[in-house]
Each structure stands twice: as C-alpha cells, then as structure tokens.
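*Asks:* Note that the sequence shown covers residues 1 to 227 in my numbering.
Hints are computed from structural coordinates only; laboratory data are not their basis.
Once the Cα atoms are required to be at most 30 Å apart in a straight line, the calculated DSS-like pairs of lysine-lysine come out as:
id, residue 1, residue 2
1, Lys18, Lys119
2, Lys214, Lys106
3, Lys52, Lys214
4, Lys81, Lys64
5, Lys48, Lys81
6, Lys81, Lys106
7, Lys81, Lys217
8, Lys48, Lys64
Computed spacing ranges between beta-carbons, pair by pair:
id, residue 1, residue 2, range
9, Thr203, Arg73, 17 to 23 Å
10, Ser74, Asn169, 40 to 46 Å
11, Asn95, Pro38, 31 to 37 Å
12, Gln204, Ser225, 28 to 34 Å
13, Asp129, Ser225, 18 to 24 Å
14, Asn149, Tyr51, 28 to 34 Å
15, Gly96, Thr44, 21 to 27 Å
16, Gln98, Glu45, 18 to 24 Å
17, Ser19, Glu56, 38 to 44 Å
18, Asp129, Lys93, 15 to 21 Å
19, Gln98, Ser74, 38 to 44 Å
The C-beta atom is built at its ideal place from N, Cα and C for all residues, glycine as well.
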Amino acid sequence: KRHLNSIKTHIMTKIKNKSFDDWTAQEIRFVFGITELPTIPLLTEWEKATYKPNIEELVFLEDKRVLLARFYRSWNEDELKFQFISQIIGLAKLNGMQYNTFSQRKLSAVLNDIVLSGKPELMVATGQDEPCNPYFFIHEYKPSTRGNNDPLGQLLAAMLAAQVHNNDNLPLLGCFVIGAIWQFVVLHNNNYCLSNGYLATHTQDLQTIYAMLKQAKVFIEQRISGI
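Model the full structure from these sequences, guided by the hints.
*Replies:* So, in structure tokens, the structure goes:
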C-alpha cells in the first residue's frame with residue numbers, strides 16, 4: 001500500500017491539466033480510482049452481437065480486409081483512419097436523426113480538481129452539427145509512430161470526461177485500434193472492462209467487429225429513446 005501511495009503521489013505532482021493524449025491507463029486508475037474488472041454485463045452482451053452482413057456489406061468488408069492486410073504495417077495513423085477505420089464506421093452508419101459521428105471536436109471536464117481535455121479521434125454523440133452528449137468513442141493508434149503513448153489511457157481519459165459531462169450514471173462505450181487489432185471497452189461508474197482483441201485482417205474477426213459497431217448503434221438509439 002505504501003508503494004502504491006508513493007506512485008500516486010509521484011503521478012499527482014505531474015498532473016493538473018493534461019490532454020487526453022498524455023494519460024496512461026495506470027495514471028487513470030491511480031488518480032481517479034477506477035478499477036478494471038474481468039467482465040461487465042454490458043460488454044458480455046456487446047460481444048454477443050449477432051448482426052449478419054448482407055452480400056454488399058460482405059463484399060465491402062472483404063475488400064477492406066484485404067487492403068488492411070496488405071498495408072497496415074506501413075500506414076501512418078491518418079492512413080489507417082482514412083483507408084480503413086473510417087470506411088468501416090461509414091458502413092456501420094453510426095448516425096441518425098438525433099446523433100452523429102464527430103472527429104477532433106473539443107471535449108473537456110473537471111474531475112477531482114483535474115482538467116481532462118482533448119479532441120477525441122472519433123465520438124458518436126447526440127446532436128447534428130455540434131456534439132452534445134457523447135456515448136461511444138474510437139481511438140486509433142499506430143505504435144510504430146507513437147510508441148510512447150498509451151491508447152487505453154487516452155481512451156479512458158476521454159470516456160471519463162464524457163461521464164462527467166453527461167452526468168447520467170449510464171455506461172459509456174469505447175474502442176481502441178492498434179494496427180489491425182480492435183479492442184472494445186465499457187466504462188460504468190468507477191469500473192471498466194476490456195473485450196478480447198479482434199484482428200481485423202481475419203474475416204471472422206472483422207465480421208465480429210462490424211457486428212459490434214452495429215450493436216453500438218442499437219445501444220445508442222435505445223439510450224436516446226429512453227429504453
């Protein structure tokens with residue numbers, strides 16, 4: 001316990017106003033007292049998503065899977081996002097009459113007298129022209145170009161800011177992408193949980209990723225409608 005307190009004190013001396021990009025998962029756990037759990041019911045339900053792509057969707061997914069398998073090792077972050085991630089997000093249609101997908105929009109909140117702020121890579125939030133309440137975040141990451149950063153820490157920082165901003169005690173959804181690997185996250189109150197890692201260069205895993213994105217759309221629409 002003394003060792004943990006020493007680490008926490010060391011961390012606290014370095015922070016007061018840090019961008020999402022500068023947080024690590026360890027710092028988030030120590031500073032804000034959140035805990036990683038082996039399972040959360042919502043994540044278990046999410047991973048059981050059973051959406052079945054139609055023929056056109058299957059063809060599109062396979063085309064992108066082949067492209068990813070060929071180039072993801074050499075793509076930079078923007079190329080990974082433009083050539084693959086945004087294409088899959090677009091296919092999943094993460095927008096509707098009351099919500100939309102936003103990129104690089106400012107989000108900030110104060111938690112435990114610490115300012116959490118930044119511009120998430122992607123968030124799905126209520127609103128059309130401007131984001132209101134965020135529900136789902138995706139953070140993409142290319143380790144060969146940003147090897148010192150922690151994609152989970154960055155994602156959790158944004159999700160914690162959204163939790164404070166929304167102030168509704170409802171769980172938040174997230175995902176981070178490292179190269180070809182996608183991992184999904186649920187944050188609820190002071191607990192979070194990670195999914196299995198899904199390798200998007202594998203056909204079945206990519207279809208699971210797509211099904212989970214479609215299920216995220218269902219969760220968001222249920223929340224907006226109050227179900």
